[in-house]
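Chemist: Kindly produce the complete structure, drawing on both the sequences and the hints.
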Amino acid sequence: MTYLAKPRLRHPTLTQNKVGYTRRDYEGRISTLCAGCGHDSISAAIIQACWELDIEPHRVAKLSGIGCSSKTPDYFLGASHGFNTVHGRMPSVLTGANLANRDLLYLGVSGDGDSASIGLGQFANAMRRGVRMAYIVENNGVYGLTKGQFSATADRGSRSKKGVINNDSPVDLVGLALQLGATYVARSFSGDKEQLVPLIKGAIGHGGAAFIDVISPCVTFNNHGGSTKSYDYVRQHNEAVSRIDFIPRHSEITAQYAPGEVIDVQQHDGSMLRLHKLHTDYDPTDRYAALSYMNARQERGEVVTGLLYLDPQATDLHLSLNTSDAPLNSLGPTALCPGSKALEKLNASLR
Amino acid sequence: MKPMEAINDFVIKFANVNGSGSASANELFAKAILRMGVPVSPRNIFPSNIQGMPTWYEARVCEQGYSGRRGGVDMMVAMNPQTWDADVAEIAPGGYLFYDSTRPIPASKFRQDVSVIGVPLTEISNSAFTDPRQRQLFKNIIYVGALSVLLDVEAEVFETLFAEQYRGKEMLIDANVRALHLGRDYVKEHLQAPLGLRVRRADKVGEQIFTDGNSAIALGCVYGGATVAAWYPITPSSSVPEAFQKYCDKFRVDPDTGRSNFAIVQAEDELASIGMVLGAGWNGARAFTATSGPGISLMTEFIGLAYFAEIPVTIINVQRGGPSTGMPTRTQQSDLLSCAYASHGDTKHVLLFPEDPHECFEHAAAALDLADRLQTPIFLMTDLDIGMNQRLCKPFVWDDARTYDRGKVMTAEELEAGKDFGRYKDVDGDGIPWRTYPGTHPTKGSFFTRGTTRDPYARYSERGPDYIYNMERLCAKFRTAADLVPQPVLRSADQPTSLGVLYFGSTSPAMQEALDVLTASGIHIDALRLRAFPFPDSVERFIAAHELVFVVEQNRDAQMHVLLVNELGVDPARLIKVLHYDGTPITARFITEAIQKQLQGATALIKEAA
Numbered sequence: 001m002t003y004l005a006k007p008r009l010r011h012p013t014l015t016q017n018k019v020g021y022t023r024r025d026y027e028g029r030i031s032t033l034c035a036g037c038g039h040d041s042i043s044a045a046i047i048q049a050c051w052e053l054d055i056e057p058h059r060v061a062k063l064s065g066i067g068c069s070s071k072t073p074d075y076f077l078g079a080s081h082g083f084n085t086v087h088g089r090m091p092s093v094l095t096g097a098n099l100a101n102r103d104l105l106y107l108g109v110s111g112d113g114d115s116a117s118i119g120l121g122q123f124a125n126a127m128r129r130g131v132r133m134a135y136i137v138e139n140n141g142v143y144g145l146t147k148g149q150f151s152a153t154a155d156r157g158s159r160s161k162k163g164v165i166n167n168d169s170p171v172d173l174v175g176l177a178l179q180l181g182a183t184y185v186a187r188s189f190s191g192d193k194e195q196l197v198p199l200i201k202g203a204i205g206h207g208g209a210a211f212i213d214v215i216s217p218c219v220t221f222n223n224h225g226g227s228t229k230s231y232d233y234v235r236q237h238n239e240a241v242s243r244i245d246f247i248p249r250h251s252e253i254t255a256q257y258a259p260g261e262v263i264d265v266q267q268h269d270g271s272m273l274r275l276h277k278l279h280t281d282y283d284p285t286d287r288y289a290a291l292s293y294m295n296a297r298q299e300r301g302e303v304v305t306g307l308l309y310l311d312p313q314a315t316d317l318h319l320s321l322n323t324s325d326a327p328l329n330s331l332g333p334t335a336l337c338p339g340s341k342a343l344e345k346l347n348a349s350l351r
Numbered sequence: 001m002k003p004m005e006a007i008n009d010f011v012i013k014f015a016n017v018n019g020s021g022s023a024s025a026n027e028l029f030a031k032a033i034l035r036m037g038v039p040v041s042p043r044n045i046f047p048s049n050i051q052g053m054p055t056w057y058e059a060r061v062c063e064q065g066y067s068g069r070r071g072g073v074d075m076m077v078a079m080n081p082q083t084w085d086a087d088v089a090e091i092a093p094g095g096y097l098f099y100d101s102t103r104p105i106p107a108s109k110f111r112q113d114v115s116v117i118g119v120p121l122t123e124i125s126n127s128a129f130t131d132p133r134q135r136q137l138f139k140n141i142i143y144v145g146a147l148s149v150l151l152d153v154e155a156e157v158f159e160t161l162f163a164e165q166y167r168g169k170e171m172l173i174d175a176n177v178r179a180l181h182l183g184r185d186y187v188k189e190h191l192q193a194p195l196g197l198r199v200r201r202a203d204k205v206g207e208q209i210f211t212d213g214n215s216a217i218a219l220g221c222v223y224g225g226a227t228v229a230a231w232y233p234i235t236p237s238s239s240v241p242e243a244f245q246k247y248c249d250k251f252r253v254d255p256d257t258g259r260s261n262f263a264i265v266q267a268e269d270e271l272a273s274i275g276m277v278l279g280a281g282w283n284g285a286r287a288f289t290a291t292s293g294p295g296i297s298l299m300t301e302f303i304g305l306a307y308f309a310e311i312p313v314t315i316i317n318v319q320r321g322g323p324s325t326g327m328p329t330r331t332q333q334s335d336l337l338s339c340a341y342a343s344h345g346d347t348k349h350v351l352l353f354p355e356d357p358h359e360c361f362e363h364a365a366a367a368l369d370l371a372d373r374l375q376t377p378i379f380l381m382t383d384l385d386i387g388m389n390q391r392l393c394k395p396f397v398w399d400d401a402r403t404y405d406r407g408k409v410m411t412a413e414e415l416e417a418g419k420d421f422g423r424y425k426d427v428d429g430d431g432i433p434w435r436t437y438p439g440t441h442p443t444k445g446s447f448f449t450r451g452t453t454r455d456p457y458a459r460y461s462e463r464g465p466d467y468i469y470n471m472e473r474l475c476a477k478f479r480t481a482a483d484l485v486p487q488p489v490l491r492s493a494d495q496p497t498s499l500g501v502l503y504f505g506s507t508s509p510a511m512q513e514a515l516d517v518l519t520a521s522g523i524h525i526d527a528l529r530l531r532a533f534p535f536p537d538s539v540e541r542f543i544a545a546h547e548l549v550f551v552v553e554q555n556r557d558a559q560m561h562v563l564l565v566n567e568l569g570v571d572p573a574r575l576i577k578v579l580h581y582d583g584t585p586i587t588a589r590f591i592t593e594a595i596q597k598q599l600q601g602a603t604a605l606i607k608e609a610a
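If you're matching them up, the sequences are chains D and Z in order. Counting in our numbering, the first sequence runs from 1 upward without gaps. Counting in our numbering, the second sequence runs from 1 upward without gaps.
Source of the hints: derived by calculation from the structure; they are not laboratory data. Please note that the accuracy of each hint is not assured.
BS3-like, lysine-lysine: derived pairs with alpha carbons at most 27 Å apart [unchecked claim]:
1) Z:K188 - Z:K2
2) Z:K31 - Z:K204
3) D:K341 - Z:K31
4) Z:K188 - Z:K31
5) Z:K394 - D:K345
6) D:K345 - Z:K246
7) D:K345 - Z:K169
8) Z:K250 - D:K341
9) Z:K444 - Z:K408
10) Z:K444 - Z:K419
11) D:K162 - D:K147
12) D:K345 - Z:K250
13) D:K18 - Z:K444
14) D:K18 - D:K193
15) D:K345 - Z:K204
16) Z:K394 - Z:K246
17) D:K341 - Z:K394
18) D:K341 - Z:K246
19) Z:K250 - Z:K394
20) Z:K204 - D:K341
21) Z:K188 - Z:K109
22) Z:K31 - D:K345
Modeler: Here's what the structure looks like:
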C-alpha cells in the first residue's frame, strides 16, 4: 500500500498568499520515496514556487510519465488534476491537454529514464513545437524503481552502486533542449533551493517551452563515490552561471544593487527575471554561446547550473496554430458545427 | 467471337502509369457517366510505390446501382506498356481493348477474342500541344474524349464538368475542351462507334452524392465537434486528417478574428498522436486520430491506458492488408481482433463499422459522442476500399437541433452543491463513472489519473477487491455500450428461411448484390449487417433464429467469427466462414459462389430455404 493521505489539519495562523491559500494548500500526499530523495526537495520547490506565485492550485495540470520522478506530482498541488501517463510519453499527453485548454498552467514532470531513454523522441518534439509548459526532469542518472540500472544521462566512466562502470556517453538533455528550440533552458540542483525556486517560477511564467534539468541524487542507488549525480559530487562541481530573482507582474521592481552584472528580462506575462550573472562573459540570450559554454565546462567535469538560455520573445504552439483565445474544450456546437445549410451546399458540390 | 454488348452495365479498367495525371481524367470519365444518371463505382488500385509505377482505376457502370466490385473486366484502357500483357489477359472474352496506337505493337501482343481499338493518342497530343507536361496531361483527356464517342457519353456533360472544375480559368477550360474533341473527332472519323458497350441516359443517381469515406469521416468529425486532431501519415488514412484540415479551414476559422477553433498536429509518430488525443480527451476536448493497422500496433499501450483510465478517445482505423507492412495499399478487414482487444491485460473496445461514406460521416460524429458518453476509446473501423474510393451514397444529413453528448461531466456547481464525486464510482448502475475536467473547482473534484489500479475515489490501491470492482464495472460499461452503439440492420428474405448471413463494413455493397443473385437462384437468406461491437442482443437472437449463419469478412482468420464465438458463446459449427483476403475488395460473385458451394452438401437446407 503506497497511498498515504496527509492530515487535513490547518493551523489558523498560517500565512495566506494573495489568492487566499496557505503553503499547505499546495502540498499533496505524503511522499513514498526514500528519505533524502532529491525528488522530494524538487516537490518542495514546486510547492514554494506556486505558493509564492499566487497560483490557484486547481488551475495547474500536472503530468508525468512513469518512474520515481513521475510519482512526485502526487506529492504536490493536491487540488490539481494529475496524470501519470505511460513511460516516456508525458510530453504528447501534455501537448494534447494544452491544446484542449490553453488557460491552465502545465507542469510536466519527468525523469532521466523517462525523458532521455524511452521518451527522448517525445521530449525532443515537445521542445521543438514550443508547447507552453514547465518541463522538469528530475535527473538522478539511475533507474531507482528497478533497483539501480544506469540511465541514459549517467556519465561515461561513472560507477553504479554495484561497481559496474558505465561505458556509454550520456544524453545531455540541456544541450538537446538548446538545440531543439526550447526558449527557456535551465539546470539546477535539488539541493540548491535558492537557485531552484526562482528557476521554477521563471519557467511557469514563461510563454513557451521551458525546460529545467534538475540534478536530483538518488540516495539509495546513486549517491556514492563513483557517481557524478551524487550530492557530494554536484556540490563540489557546481558551476553556477547566474542567480535569478523572479519578480512577479505588478510587483515593484527594486533598484539593482547586486554585485556583478545584472540583467532584467521581462517575460511574456509581464513578470521579470532578474539575472545576477556570476560570470560576466556569460550571455543567457545567446543559444549557441550557451551551448558552447556549457560543453566546455562539462569537459572539465563541472555541472553548469542556472538559467542557461532565455528567449523572452518566446512563442508557443497555440500561436503557431493560431488557435482561438477561448479554450477549445469550452466550445460548443454553435462555434463548431457548420449546420445543415452548409451541409446541403456541400452535398450539392458532390453531385 | 462476338463482341460484348451491354448498356449501362459493364466494367472498364484503366491501366496507367503513376504520376502521369491520369487520376483526374479517369475521375472525370466516371463523373460524366454519373451526370448521365447512371451509377458508377470506381476503385483505385495502386501498388505501394510513388511515381512511374503501375496504377489502375476500375470503374463499374451499373444501372441497377450495385456498387460492389463486380469482378472481371469488359474493357481495358491499356496505357501502361509495363503491364500490357497482364492487362490484356484480364479482359473478358468478347471484351474490348483500347490502346495508344502511335507506336506499332506486334500482333502477338493482342488477343483474337477481344475487339481492339487503337487511337494514336501520343501522336494526336504531340501535334496539338508543345509543352511536354501538357502533352502528357492532355493525352489523358484525349483518351477520355475517344472513349466518350465509343461509349456514347455526351460531350456536353464533359464540357459542363470542365466549366465547373476550372471556374474562372477560361484558358484551362478551352484547352481541356479542345483535347476532349481531338479524341472525339478522331474516333468519329476513323472508327466505328458506339461499341456494344455503351452508356444511355437514366435517372438512377438522383440525390445521391459521390464521395470517399475518408473525406466523409473528416466532415463527420467537424460536425461532431472534434477540435483536436493528432496524426502521423500512413496509407490509407492520411487523407482523413488532411480533409479535416481542409474542412476546418473552411468552416472553423472565426471570420471576425481569423483564429481557428481547432488544432491539428502532425505528430512525430503514432505513439505521440494517440498521446495527444488522450491528453485532449482527458482535458475535455473532443479529439481523434486516424491511422491504419501498423499505427494501431504502436498505439496499443496508450489505448490500454485510455481504457483503464477511462478517457474519451476516437480512433479512425482505415484498415489495409496486414500483418506487418503486409499490403499497404490494398484493402482488408483484418484489424478486428487487434482493435477489439488492443493492449495488454483484459480489455474490450467499442468498434463501429460504417458501410459507405454516408455512414462514415454519421459514425464519425457518433464516435465522438460515444467516446464522451462511455469515456473510452472508440474505433471507427473502415478500410481502404471505403476510405480511398469514391462511392455513390445517400447525402449527408444533420439535424441542427442536435447537441453534443458530453457524457457524465460534473460541473463546479454540482460539486459545490455537495454531490458525491468518486471518479471511478458506478453511481448510476451503468458502469459509467462521472468525471471532472481539470481546473473545474478550487477544492473539489480533482483526481489523479493513472494507469495503475485504484479505488472508486481514484486513490491508488493494490487491493484485490478494488481491482475487481473496477474491472467488473468496465465490463458493465461495455454492456451498456451495446445499447448505445449503432444497431444492426436486418434485411429479411422474401420468405421464411433457416439461413442467415452476417456481414459488415465495406462488404455491404457486394453483399446486397449477392443477396439478390442468391434470391434469384432460389436461395433465401436473412441478412444482418453488423454496425458495431459489442454486439447488441439482436445479434444473438438472429444467430439463434437460424440454423446456419454465414459470416462474410475480408480477412484470413475469420476475426468477426472469433468475436462472435468469443463474446456470444455461439456454437462455432453454426457459423460458416466466408473469407476473402487477397487485398482486393470482395465481390458479389465471390460471396455468391462461396455460399452456393457451402450449401451444396446441405440439400435439406436449400430445400427449406427455397
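Chemist: All hints, please: hold or fail.
Modeler: Each hint tested on the structure:
The suggested pairing of K188 (chain Z) with K2 (chain Z) holds, with an alpha-carbon distance near 22 Å, which does not exceed 27 Å. Proposed proximity of K31 (chain Z) and K204 (chain Z) is supported: the alpha carbons are some 14 Å apart, at most 27 Å. The suggested pairing of K341 (chain D) with K31 (chain Z) holds, with an alpha-carbon distance near 24 Å, which does not exceed 27 Å. A threshold of 27 Å between alpha carbons decides the hint, and for K188 (chain Z) with K31 (chain Z) the separation of about 22 Å falls inside it, so the pair holds.
For the hint linking K394 (chain Z) to K345 (chain D), the alpha-carbon distance of about 14 Å falls within 27 Å, and the restraint holds. Of the pairs offered as hints, the one joining K345 (chain D) and K246 (chain Z) holds, with about 16 Å between alpha carbons and a cut-off of 27 Å not exceeded. Distance restraint check for K345 (chain D) and K169 (chain Z): the Cα-Cα separation of roughly 22 Å lies within the 27 Å cut-off, and the hinted pair is therefore satisfied. For the hint pairing K250 (chain Z) with K341 (chain D), the CA-to-CA distance comes to about 14 Å; that is within 27 Å, so the pair holds.
Distance check on the hinted pair: K444 (chain Z) and K408 (chain Z) sit about 16 Å apart at the alpha-carbon level, within 27 Å; holds. Simply put, K444 (chain Z) and K419 (chain Z) have alpha-carbon atoms about 10 Å apart, close enough for the 27 Å limit, and the pair holds. Restraint check: the Cα-Cα separation between K162 (chain D) and K147 (chain D) comes to about 11 Å, which is no more than 27 Å; the hinted pair holds. Among the hinted pairs, K345 (chain D) with K250 (chain Z) is consistent with the structure: their alpha-carbon atoms are about 13 Å apart, no more than 27 Å.
Between K18 (chain D) and K444 (chain Z) the alpha-carbon distance is near 20 Å, which keeps this suggested pair within the 27 Å criterion. This hinted pair checks out: K18 (chain D) and K193 (chain D) have alpha carbons roughly 22 Å apart, not beyond 27 Å. Annotation: proposed proximity of K345 (chain D) to K204 (chain Z) holds, straight-line Cα distance about 21 Å (limit 27 Å). Proposed proximity of K394 (chain Z) and K246 (chain Z) is supported: the alpha carbons are some 22 Å apart, at most 27 Å.
Of the pairs offered as hints, the one joining K341 (chain D) and K394 (chain Z) holds, with about 16 Å between alpha carbons and a cut-off of 27 Å not exceeded. Proximity of K341 (chain D) to K246 (chain Z) is assessed by CA-CA distance (about 18 Å); at most 27 Å being required, the pair is judged to hold. Proposed proximity of K250 (chain Z) and K394 (chain Z) is supported: the alpha carbons are some 23 Å apart, at most 27 Å. Distance hint between K204 (chain Z) and K341 (chain D) is fulfilled; the C-alpha atoms sit about 25 Å from each other, no more than 27 Å.
With a C-alpha separation of about 26 Å, the suggested pairing of K188 (chain Z) with K109 (chain Z) holds against the 27 Å cut-off. This hinted pair checks out: K31 (chain Z) and K345 (chain D) have alpha carbons roughly 18 Å apart, not beyond 27 Å.
Violation of the numbered hints given earlier is absent; every hint is satisfied by the structure.
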